[in-house]
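For the protein sequence lines, the chains are A and B, in the order given.
The numbering used here numbers the first residue of the first sequence as 1 and each following residue consecutively.
The numbering used here numbers the first residue of the second sequence as 1 and each following residue consecutively.
Since the hints were derived computationally from the structure, they do not count as laboratory data.
Computed from a predicted structure; not experimentally measured.
Take these hints with a grain of salt, some might be off.
Stated by the list, open to error - Simulated crosslink set (DSS-like; lysine-lysine; CA at most 30 angstroms straight-line):
| id | chain 1 | residue 1 | chain 2 | residue 2 |
| --- | --- | --- | --- | --- |
| 1 | A | K67 | B | K5 |
| 2 | A | K67 | B | K103 |
| 3 | B | K2 | B | K32 |
| 4 | B | K76 | B | K5 |
| 5 | B | K32 | A | K67 |
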Amino acid sequence: MTAQEGQEAVETQALEAQFAQWRHYAQRRRELQSSDADELEDHLRGSVDELVMAGLSADEAFLVAVKRMGSLDELSREFAREHSERLWKQLVLTGGPDADTRSRRDLRVMVLCAAGAAASLKAPELFGTKMTDDGSASLYGPNLGLFVLPWLAGFLAWRRQARRPLIGIMGALFALGAVAANVYPVADNSQSLALTSIHLPIALWLVVGLAYAADDWRSSRRRMDFIRFTGEWFVYFVLIALGGGVLTVFTAGTFEAIGIVSDDFISQWLLPCGAAAGVIVAGWLVEAKQSVVENIAPVLTRLFTPLFTVVLLAFLVAVCWTSTGIDVERDALILFDLLLVVVLGLLLYSMSARDPLAPPDLFDKMQLALVVSALAIDVLVLLAITGRITEYGTTPNKAAALGENVILLANLAWSAWLLLRLVRRHTPFAALERWQTSYLPVYAVWAWIVVLAFPPLFGYA
Amino acid sequence: MKVAKDLVAASATPIVLGILAEEESYGYAILKRINELSGGELDWTEGLLYPLLHRLERLGHVESSWRSATGERRRKYYRITDRGLAELAEQRRQWDTVVDALKEIWTGLGDRAALPVIPVEGHA
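The following block holds chain A by itself, in its conformation from the complex:
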């Protein structure tokens, strides 16, 4: 090889590197698809060839050609005018050619799991327990989570290729849940049954969390991912449910028009099976669209954090103004539990979308105001209620609601403290995140206590 040839080889190599870099930039543009990048690259090469022929070095030719083409900003703007649909990120369920086999397999397993969930929900009918029977509430109430959530956990565990010990632990927990839901001799209309029906799904959802985080469930980041997953799953499930509602209305209406009453089919098959399958489909959707579509839960929290803050502050002002205490009715405790849950949700989901390295801003202060006002209100309620409990004695409902109140109060109180320090720049945001993620097991433990220990403790009342 002569010296000149060697020189040329080096130049070509450098030129190719530059083309590669340019392509990389071009492909980051959503407006430009890969075939557009191909086309533009060919244009660029044509331009470079001509310039080289005119006597420029490869380096110079590339610079001139790129300059002539104009900035990618401008170019993509022009492309966007013709291809505006590209600015709407599309969830391509079958992905690119590489991801194709993987996502198809996902799809197949998901359909299998969804069918399984729907089938297990209907399985008790094989043994003669129909959903419409009077006694079926005592079966379906506490067992609902057990019919559906193992399939979701199974799908996630399969996707993450969870290790055997973890699968074993999850299986044991689901079995424990099945025992708790069915072994205790609780009456059909007892408070214990209602409490188990509420708390077992929460406990099992956190088992799903184990499957989600798979082998790395101790890591704070993975737990935060699970929190994100939960929020997105909820949003998708609600959307699917809305679509399902429309489907139901049309099923009922159109068949009624030809004299077929489909009520039984709807209440026995369409609704329960659709809901069970929806749980799995929503989980799969969140997995499939990860990073393709903007997360919606944090957007909702951004929208509602200021509104909730205003309402809570207004409520506090009104309490001070009228100087009337809160009238503690029977449902008040539950209502304020839910308020704390909502506030916690607002906090969690804005945290899940926050850049951990960003300095504290106005929004953090607003969150602090939200949490503090929720805490103030809750303290008022708690005082009123402990008074009532010491006066009238306790029931499973009151004990559970009080316990939840204390758990949420503790979480929010410490969050408020950390938020305050964050706003004052004493602690980094990571401390807040770590606090929330390490608090997750507390919910799990409490839910299991209510499910396992409450019925015997309160004499199966």
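Given chain A, work out where chain B should sit, using these hints.
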């Protein structure tokens, strides 16, 4: 002199269709041909050409295929369709009307609107 942007945009479709009616071609060659035809006076950018080609394709006026001619890179070639030819004929009728009208006016005005006499020196 550079042709105004609006005028470039308005004439873009008939020019591209016209070039493709001569023979099938690809982006870079089309741009070169336009330069040639206008003596470099028509200021076309890639941002104008490629989205326009894609639009014409969407409308069915041209069709494209990725091919590599012998000894050349793989390129996206555009070919005009029958619809495109019909569109070109229609555009041509419209442009003829405009050009005829303008010609009438220019001749009517005589020299008054001919190339402006720019005061060079000593008149200011």
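Taking 30 angstroms as the top limit, are the C-alpha atoms of K67(A) and K5(B) close enough?
20 angstroms, holds
Pairwise hint evaluation, K5(B) against K76(B), where the allowed Cα distance is 30 angstroms at most:
Given that 30 angstroms is the threshold and the Cα spacing comes to 27 angstroms, the pair holds.
Is it true that the CA of K67(A) sits at most 30 angstroms from the CA of K103(B)?
38 angstroms, violated
Does K2(B) pair with K32(B) here, judged by a C-alpha cut-off of 30 angstroms?
17 angstroms, holds
K32(B) and K67(A): Cα distance at most 30 angstroms?
Measuring from Cα to Cα gives roughly 17 angstroms; hence the hint holds.
Consistency with the previously given hints fails for number 2 only.
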